[in-house]
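Participant: Required output: the full structure, derived from the provided sequences and hints.
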Amino acid sequence: MTVETFREPKLVTAEEAARREPALRRIWETPPGLAGWLSSVDHKSIGKRYLVTALIFLILGGLEAAVMRAQLSQPDMHLLSPEAYAQLFTMHGVTMIFLYAFPVLSGFSNYLWPLLLGSRDMAFPRLNAFSYWSFLAGGIALYVSFIAGRAPDNGWFNYVPYASRGFDPGVNIDAYALGMILLGLSTTVGGINFIVTLLRLRAPGMSINRVPILIWGTLTASLGNLFAVPAVTLAFVLLWFDRSWGTHFFDSSGGGQPLLWQHLFWMFGHPWVYAIVLPAMGIVSDGLPVFCRRPLVGYSAVALATVSTMVLGFGVWVHHMFATGLPVSSLSFFSSASMVIVIPSAVAVFAWLATIWTGRPRFTTAFLFFAGFVLLFVIGGVSGFMTAAVPADWQLTHTYFVVAHLHYVIIGINVFAVVGGVYFWFPKMTGRFMNETLGKWSFWVMFIGFNLGFFPMHIAGLAGMPRRIYTYPADAGWGGVNMVITLGSYLFAVGVLLFLINIVVSRFKGRAAGANPWDGGTLEWSVSSPPPPYNFALIPIVARRHPLWEEQLAEGEDRSSTNAKGFLLDHGRETLGTTPIDAEPDVILKMPEDSWMPLLLALAVSGLCTGLLLKLWFLFGIGTAVSLLAAVIWLWPRRYLSQVER
Amino acid sequence: MNTSVMSGKVLPVGSKSRHASGWWGMLTVVATEAALFAYLLFSYYYVAAHTTNPWPTGGDPKLDLAIPGTLILIAGSLVMAWGEHGIRRGRNGRLAAGLIVSILLALLFLGIQFWEWFHKPFALDYDAYSSLYFVITGFHMAHVAVGVVMLVAVLLWTALGHFDAERHSAVSIAVIYWHFVTIVWLAVFFTFYLSPRLI
Amino acid sequence: MKAAAFLMPLLGLSVSAQASPLGYLAGSGHDAIEISRLIALFGGVSIAVVVLVALLLLGGLFRRREPDPAHGRPQRDEGGMAWIYVGVAATVVVLAVCMFYNLKTIAAVASPPDDAALTVEITAHQWWWQVRYQDREPQKVFYTANEIHVPVGEKVRFLLSSADVIHSFWVPKLAGKMDVIPGQTNVTWLEAEAPGVYRGECAVFCGAEHARMEFRVVAQEPKDFQAWAAHQLQPAPPPGDAEIQAGRLTFESRCAACHTLRGSSAAGFAAPDLTHLMDRSTLAAGALPNDAEHLAEWIRDPQKYKPGTNMPQVPLSEADLAAVVAYLRTAR
Ligand code: HEA
Ligand code: HEA
Ligand code: CUA
Ligand SMILES: [Cu+2]
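Residue numbers (numbering that gives the first Met the number 0), protein chains in the order written: chain A, 0 to 645; chain R, 0 to 198; chain U, 0 to 331.
Every clue listed holds true.
In the EDC-like style, the derived pairs of lysine to aspartate or glutamate whose C-alpha atoms are separated by at most 16 Å in a straight line are:
hint	chain 1	residue 1	chain 2	residue 2
1	A	K564	A	E20
2	U	K303	A	D75
3	R	K8	A	D585
4	R	K8	A	E583
Okay, the calculated bits of chain A under chain R, using three or more residues with CB under 8 Å as the criterion:
hint	segment
5	216-230
6	245-256
7	260-273
8	584-594
These are computed hints drawn from the structure, not numbers from a lab. Here a beta-carbon is modelled for each residue, glycine too, at the ideal position from N, C-alpha and C.
Facilitator: Written out as structure tokens, the structure is:
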């Protein structure tokens, strides 16, 4: 029998599809048990894994911060040695930025993308699994060094020459390099997956101007990462060469340039800070309108602003280097560019404000987080606007003012959006509501604690307190403000704790939620909660931005078809591929079965990189051989994927 | 959009050349790899612009091997394109021939590169220029090596008769990468061999 | 009301924080004053933006609304685009003004003057500052550490270089920061407008004792400054009594590998010049006050007061220690 080469996808009714559902479930379900868990390629389980892992890292990073805050609560404290403090603030920053803030968004996107797009999985399900495993490996690599006695201790941006062997011997910086290379790999393949999914796997009719803003956010972040991540990977590889092979990339005695590190790091770093917020802004742009009972104001403007933020974001990295002695012309350029980037943010802020103003807010917990997010974003944004002014930055840089800025933007835009997003989509993921009373408590404790803990950091910064100091003299006059910061941040931690408790309690005891508990308008709400393994029995056909709100909005004649009539693809794991712009049916895509290769490849690549970094050539050899093997098995042309004819 | 408009269209099933998700995936891989080389070359120009040492160390690099090496890579790319055209018409033999010749040319290129490496008057750890030279060309050679591995896998699958005029997306995907490796070499070649002569 | 209750303690905090010797909003140097004006402008705009957005947000949340015709179902798009048009237009105008003042201030503070009265070379070390006063006449060049004297009302140029890692040179009340980067010499300048002692600190993380890498800038009337500089050129006075004499010998044998003390044979170059140690108000880059007790404590166990410092614990008998301290107490 030859492989089927052409087929007309069957357009069937919901009743017919219901009859086929047991078969679809059999085709798509991952077998239970550990083996199934380790080999699953279902985007929903991968998404949830990402979310849970990232939240664990949030707790770890938060506990590190809590210890730091104890040390800083009063002048001349001796709770921590300088070395311990340096490891804590470094691991705190690295954990939060790389192991929490981005992966948590990958979690949302992985879980939600196919559901939002009306597809049955991501374009590369196995790559998706690999992306998670290599993220986990990177996280473990970083934390192993902690256990091994010395963690990275040079700040998250790890400036040379302090990071070179001469000043920072030991395995800690190598562990940082290893972690970053694995995380870079994870981010890159994840980004590739999102981009191709967007290009290929949208439901028929979901043209590019109908995708939710979260899709725009993750797409933009993914594209940005494609171009930004190589810079930091390269920086760490060159650093490894300097540390292990005596090269002179960053070593001024050999003709190298310490500032090259800073350029490479921030060419990555600045786009990255937008990558860790744009999807979160997407969460709010999609969630907020549901609770305002109207579509988002200015969809196209917000989508455009998302993309232009990232584009401009590639042209402002030097604002992290204003005090390094660059020529005035270059400073003026990057300073102005950093101010221009305020404009797309203004578009988004006014779109959210208008949505609230002209809508009819329902004060759910999720809504409170989204509304709070708007205010925190603006506070964080304007402090960025202040540091964008070069002369002002000469005073503000390297002080707690910058620490205040970065926490307002990251906690404000990332954490608040994420927590709100969890309250919003938890019913979809688990079939249960989170507790609203506890939810409101968690919001108010977090909101007040956050402002109490982090707003005074601006004041500490204006009072001249540098960052990354393990203690300070009493006569500097920073004691009072630091005590307030510590107390406030502990209050914030209590709020986070309430949120975490709420997750655990609601997971088992929450009120049951139906398919569309918030009366949302996008496709994920058209399937049961939690969704079946195949997401959609019928591939929906989309005619509007809010397929579930068409009757109310009555924007025109055409109607989407979500649960009435659609394509049934049931010859094995299949989904519909559509054209990149207009999303017209283009191909029936065969989707892979569960596979061990992603896990194996992630292990092998970790071994390969560890061997290389630590010059354990045996490990390197095995890692390389197994990687090759796993890759070839993975890519071997399969009949069931209809990659071979006979 | 009306559901009836959507029906009645016969669609291809599974991965076929540009219908394969992998084809799009490889384009994105090439984009990120291109960025990697852009940063590598940025590092070169950055250090060159700020150095106080004579640049390049050891004088302008000789062209007598670099030019043949460049031509060899280009030839490999062209032969590969010829082989891929073959399989589009179902000619397995032409594809195999293209693959074999490309692989041999690539190995020859690697040989030449190694020869150059071992005849440089300086070692990796001599100064910033030597670091850049070995690491950037090394990065490129690693990419050639990965390309060779891909082509060998594709050759194996060709020998097993996995490809035909309809289904050969693995070939198309590997070929994109292969052309990329050649194009990147042109940028590396320009940077190391030509740019010092221009100023 | 809630906001006001929330803001009051913050206001109190910020007032107390500006009393800090390192607060730069109340500056005393040309640059710092110029910059604090720019911060005031940008800060004012920022506060206005935040207040405005907060009001719009509160209004949006709590404003009175007509009964809902859609009965809780989503309603038609009622426009709202005007918000974006107006908001963005206002933003652009405000940004343009801010950008203009930004560029103007850059021009005013960035360029180092050609007519500097004085040029001082700073070499940052983990975790102290070496200071070298340049002069056209070589015999008028001298070294000191951690305390920099400058004449009031005159532009002083600083050439910054590093002996090891990246540091940052910062005297908040006088001017903004300039990083100190190995392999390059960055230039910055200061002009103090009133006499006084201004605290400075290292602002870029540079290792274990980054937190204790302070220095002081002493701005003096020009004639006082001249007198100070002339005094710095002198060696330390010769030992008076026998104990001091013994102290000097111990110092020369045990400390000279690193320290210089003109007037003794000690000429090490890895540590602060101690010739006029007693003219300084602190020890070890601000870690301890400079008095006999703390001096002895420091020499007895530097690691206790500045864990990680590059000064080792030099084993000395109590008598030797007392003698060394007695000798150093004469270094003025
Ligand atoms: C997480 C995401 C994130 C986001 C979104 C931003 C957003 C911005 N950031 Fe921030 N930034 C960080 C994360 C982020 N940053 C981090 C982590 C660091 C520190 C790294 C480290 O050193 O450890 C940093 C540091 C940093 C610096 C370096 C400070 C220093 O070290 O000296 C600068 C300097 O220009 C800067 C600028 C900006 C600007 C101009 C924006 C703009 O995009 C903000 C624009 C938004 C608004 C302004 C609000 C909305 C607008 C309106 C309501 C319109 C009206 C407004 C006006 C008229 C002003 N940031
Ligand atoms: C996602 C990003 C993120 C997040 C969420 C946070 C969250 C917090 N951060 Fe951090 N921070 C950074 C990113 C982030 N930070 C970065 C990038 C840096 C720069 C690092 C560098 O300089 O290299 C930094 C630096 C930084 C500093 C400056 C250190 C220095 O320069 O010396 C401080 C100091 O106060 C600080 C504090 C905090 C606190 C108190 C929290 C709190 O919000 C944490 C609250 C969360 C928890 C505590 C965990 C959950 C709660 C529980 C499990 C309950 C039980 C616990 C208790 C009751 C204590 N952070
Ligand atoms: Cu020197 Cu920090
Ligand atoms: Cu930035």
